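Q: Sequence:
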Amino acid sequence: MPSKKPSSKPPRATPSNKIRTFTLLVAILAILSGVYIFLESRLESFYIFTPTHLHSLSLRAISAHGNDTKAVVSYIVSELSEKLPGGYVNLDEDKSKLRGGGARDMANETEFN
1 MPSKKPSSKP PRATPSNKIR TFTLLVAILA ILSGVYIFLE SRLESFYIFT
51 PTHLHSLSLR AISAHGNDTK AVVSYIVSEL SEKLPGGYVN LDEDKSKLRG
101 GGARDMANET EFN
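With UniProt numbering applied, the sequence shown covers 1 to 113.
Check each hint, because a few of them may be wrong.
[Unchecked claim] Label-pair distances were calculated between CB atoms; the ranges are:
id, residue 1, residue 2, range
1, Leu59, Thr21, 15 to 23 angstroms
2, Leu91, Tyr47, 42 to 50 angstroms
3, Asn90, Thr21, 41 to 49 angstroms
4, Ile62, Asn90, 19 to 27 angstroms
5, Ile62, Thr23, 52 to 60 angstroms
6, Leu39, Ala71, 35 to 43 angstroms
7, Leu32, Val77, 36 to 44 angstroms
8, Tyr47, Ser74, 18 to 26 angstroms
9, Val77, Ala27, 40 to 48 angstroms
10, Leu59, Arg20, 56 to 64 angstroms
11, Asn90, Ile28, 51 to 59 angstroms
12, Leu84, Thr23, 29 to 37 angstroms
Since the hints were derived computationally from the structure, they do not count as laboratory data. Note that this is a predicted model, so its numbers are computed, not measured. A virtual CB, placed ideally from N, CA and C, is assigned to each residue, including glycine.
Go ahead and model the full structure; you've got the sequences and the hints to work with.
A: And the structure:
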């Protein structure tokens with residue numbers, strides 16, 4: 001009588017295992033969605049600067065320096081740095097942020113300087 005060899009095939013997933021896996025994935029998705037919705041509803045509590053403070057600061061900077069963009073940005077950065085020292089405000093000046101925009105930003109910086 002021939003001996004039976006152990007089957008080398010992996011065990012098939014039974015329908016109950018598939019349902020259990022699907023249920024687990026749905027539960028994980030529901031939990032992550034709940035956490036996301038909870039954090040999204042309290043997004044303003046994570047802000048460092050309030051929108052009303054930034055609005056009043058920008059109005060004061062524009063009234064003090066008019067159309068001089070560098071002076072306005074410098075005024076805003078210095079006041080925000082004084083309010084919250086600790087590296088929350090990037091003090092490195094970047095020329096591309098002070099440009100007007102458009103196709104000129106896509107060109108090489110040396111072409112227009």
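Q: Hints first: check each against the structure and report whether it holds.
A: Taking the hints in turn, this is what the structure says about them:
1. Range check, Leu59 to Thr21: Cβ separation about 57 angstroms, and the 15 to 23 angstroms hint is violated.
2. Distance hint check for Leu91 and Tyr47: the Cβ-Cβ separation is about 20 angstroms, which falls outside the suggested range of 42 to 50 angstroms.
3. A C-beta distance of roughly 46 angstroms is found between Asn90 and Thr21, which places it inside the suggested range of 41 to 49 angstroms.
4. Taking 19 to 27 angstroms as the suggested C-beta distance range, the pair Ile62 and Asn90 conforms, at roughly 21 angstroms.
5. Separation of Ile62 from Thr23 is about 57 angstroms and conforms to the stated range, judged on CB atoms against 52 to 60 angstroms.
6. Taking the beta carbon of each, Leu39 and Ala71 are about 38 angstroms apart, inside 35 to 43 angstroms as hinted.
7. At about 37 angstroms, the beta-carbon gap between Leu32 and Val77 stays in the expected band of 36 to 44 angstroms.
8. Checked against the hint of 18 to 26 angstroms, the pair Tyr47 and Ser74 passes, with Cβ atoms roughly 23 angstroms apart.
9. One distance hint, 40 to 48 angstroms for the beta-carbon pair Val77 and Ala27, holds here, with the actual separation near 47 angstroms.
10. Evaluation of the 56 to 64 angstroms hint for Leu59 and Arg20 yields a pass: the beta carbon distance comes to about 59 angstroms.
11. Distance hint for Asn90 and Ile28: a CB-CB separation of about 37 angstroms, inconsistent with the stated range 51 to 59 angstroms.
12. A beta carbon spacing of about 47 angstroms between Leu84 and Thr23 contradicts the range 29 to 37 angstroms that was offered as a hint.
Violated hints, in rising order: 1, 2, 11 and 12; the structure is consistent with all others.
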